[in-house]
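Undergrad: Here is how the chains run, residue by residue.
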Amino acid sequence: MTQIIVAAHGDLAQELVKTVGMIMGNQPDLEHISLEAHEGIEDLRRKIETILKPEGCLMLVDMFGGTPSNVALALSHQYPIRVLAGANLPMLIEALVHRALMDIAQLARFVEAKGKKSIFYANPAFSNCSCEKEGDE
Amino acid sequence: MTSQLRLVRIDDRLIHGQVAIGWVKTIKIQHLVVADDAVAKDSMQICLMEMATPPGLGITICPVAEAGSVCNREEVDGKRILMLFSSSGDVCRAVENGLFLKELNIGGMRYSPGKKQITKAVAIDEHDAEHFRKLLGYKVKIQIQMLPMDEPVDIQKYI
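These protein sequences, in sequence, are chains A and B.
Position 21 of the first sequence, counting from 1, maps to 21 under the numbering used here, and the rest follow consecutively.
Throughout, the numbering used here is defined as the position within the second sequence, counted from one, plus 1000.
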């Protein structure tokens, strides 16, 4: 089972993992790493190295260019880590649902595409739906 | 007709994350049925339910009394179905109108004043208990189970 690590500033990673548990139940090989205000690059590197499985992981980080993302990318030279920036709940769900079906690189591409589709201005989508409905009836 | 009723569930939120992700993926559901009188006549709610339906799945929204006959419709032929109700009374009414039911899953029944909280997501009152006893009398197996990986709990000890 591909390990998934969510890494983010503050409590975001922990809460994303907790929340996905509410929807899907507790998941094996799903970890979270927090970067607290007083912590730096070395702390984060140590945390990742401590929990990383030797066969590698898919890492969802909160924001490209932030420390979790920078550290994860730096470590990806040394370890089989694939990094996805812009983590959100739909991405984490897709990663968990599909991780048994593909390798880490394929999973990264797949979740990237799903993540992009998960972001849209919802009101127009909703009004289109109502219009169709009225047309149908 | 070969449609299969894989899960019949009481969930007062109808289609939401636990259903759309937790159950649909785990038991490979292909079609959702929402049997609810209020939703069936409210175009806005129909719209929300359709939008909440995971891509690739079909959806049928019908009044409670039609829940039994939905399984014979062309749109669900050959499909693995998950059917949702929002209350115990609706399930009873559906069964009395011809829905053949062997098992009933209880997902979410929200607390309101006068109800007794029996699990984290389920609160029931004497009316619910009465409906469940009636369904048990029809030989329906009733279990509380929020998510597929949760341990199912028989309703008997609470009613």
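Be careful, since some hints might not be right.
[Claimed, not checked] Not everything, but these chain A residues come out facing chain B in the computed CB check (under 7 Å):
1. M24
2. L73
3. I93
4. V97
5. C129
[As the list claims (entries may be wrong)] Straight-line C-alpha distance at most 27 Å; calculated DSS-like pairs for lysine-lysine:
6. B/K1134 - B/K1120
7. A/K117 - B/K1025
8. B/K1028 - A/K116
9. B/K1102 - B/K1134
10. A/K114 - B/K1102
11. A/K18 - B/K1025
12. B/K1028 - A/K117
Keep in mind that the hints were calculated from the coordinates and are not lab data.
Just so you know, even glycine gets a beta-carbon here, dropped at the ideal spot from N, CA and C.
Undergrad: Hint by hint, note whether the structure agrees.
TA: A quick look at each hint next to the structure:
At about 5 Å, the closest approach between the beta carbon of A/M24 and any beta carbon in chain B falls short of 7 Å, and the interface hint on this residue holds. A cut of 7 Å between beta carbons decides the hint on A/L73: the least distance to chain B is about 29 Å, and the hint is violated. Against a cut-off of 7 Å between C-beta atoms, the interface hint on A/I93 holds, since the closest Cβ of chain B lies about 6 Å away. Look at A/V97: its Cβ gets to within about 5 Å of chain B, closer than 7 Å, so that hint holds up.
With 7 Å as the threshold, the beta carbon of A/C129 comes within range of chain B, its nearest partner Cβ sitting at about 5 Å, so the hint holds. Proximity of B/K1134 to B/K1120 is assessed by CA-CA distance (about 24 Å); at most 27 Å being required, the pair is judged to hold. Of the supplied pair hints, the one linking A/K117 and B/K1025 holds, its CA atoms being roughly 19 Å apart against a limit of 27 Å. Between B/K1028 and A/K116 the CA atoms are separated by roughly 24 Å; this keeps the pair inside 27 Å, and the hint holds.
For a cut-off of 27 Å, the pair hint linking B/K1102 to B/K1134 stands: about 13 Å separates their Cα positions. Restraint check: the Cα-Cα separation between A/K114 and B/K1102 comes to about 37 Å, which exceeds 27 Å; the hinted pair is violated. Restraint check for A/K18 and B/K1025: satisfied, since their Cα atoms lie roughly 19 Å apart, inside the 27 Å limit. Of the pairs offered as hints, the one joining B/K1028 and A/K117 holds, with about 22 Å between alpha carbons and a cut-off of 27 Å not exceeded.
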